[in-house]
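Participant: Each chain, letter by letter, is given below.
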Amino acid sequence: MTAYADTSYLLAFFNPHAAHSPSVQKFVTRTPVDYHWNVILRAELRHSLRRIPTAANRATAWQAYRAAEKWRTRLVHQPVSLQNVIDLAETRSLEDNGASGAGTWDLVHVGLALLARTELFLTCDKAQSVAARRAGLKVKCFTA
Amino acid sequence: MKTLSPTKARQNLTAVLDKVKRGEDIGILHNGTVYGLRVVAVYSQDQTTLTPVASDEAAPPWSEIMAPVFKAGRAARARGAKPDPNPILEERKRRR
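Those sequence lines, one after another, are chains A and B.
Residue numbers for the first sequence follow the working numbering, so the first one is 1004 and each next one is one higher.
Residue numbers for the second sequence follow the working numbering, so the first one is 358 and each next one is one higher.
Incorrect hints may have been included.
Calculated pairs, DSSO-like style, for lysine-lysine (alpha carbon to alpha carbon, straight line, at most 27 Å) [as the list claims (entries may be wrong)]: (1) A:Lys1129 / B:Lys450; (2) A:Lys1029 / B:Lys439; (3) A:Lys1129 / A:Lys1029; (4) A:Lys1143 / A:Lys1129; (5) A:Lys1029 / A:Lys1141; (6) A:Lys1143 / B:Lys428; (7) A:Lys1143 / B:Lys450; (8) B:Lys439 / A:Lys1073; (9) A:Lys1141 / B:Lys450.
Hints listed in this document are in silico derivations from the structure and should not be mistaken for laboratory results.
Predicted model, so just to flag it, every value in this text is computed and none were measured.
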């Protein structure tokens, strides 16, 4: 299965001792899943990995991220037109009209997931999960 | 510049390309026009510049790729360490 994971999920996936790690690790162990991957996720994740507060966890996360980047079948590369994504996020934002509590930038992830025609949307963010469900995506939201 | 006919170039293409790589100035003469051969650096403005070289080997399962992460997570939980907060969720909370 190929799923779209937003940055909150990816951070819990790579950081060994993130608050959501146990539920994310349990899911990954039980479900053979590959992730949609694009330049926005990559930039956001790399930026966020630098902000993991514990040095040892940060180092382990970077090491795992670099290992994961080698595998195109595990991180399925999605070509992205920034204009399409922003247009889609704006449309979603207008339709959502603040109902989910997610901001416009959060809806970029929902837009990217829609463009990728993903089977499953993974997040640790409740508002993001509501927005994704409202957009018609099948969602799994992880709790700490 | 040394020039070759297309037939001659085709017959010795590998050797010709090796010579070009070594810095020899070689062209192919076709219908009165010389087409120069040169080594170029490839730049791509699309997403491929940002993606790593894929391996031909079959991808291992996540449990294998993430083994050091899972191990470090188990060790941290066993020590009773306080989990790291998710900076993305905190940032989103501030933004909303």
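Participant: If you check each hint against the structure, which ones fail?
Facilitator: 8
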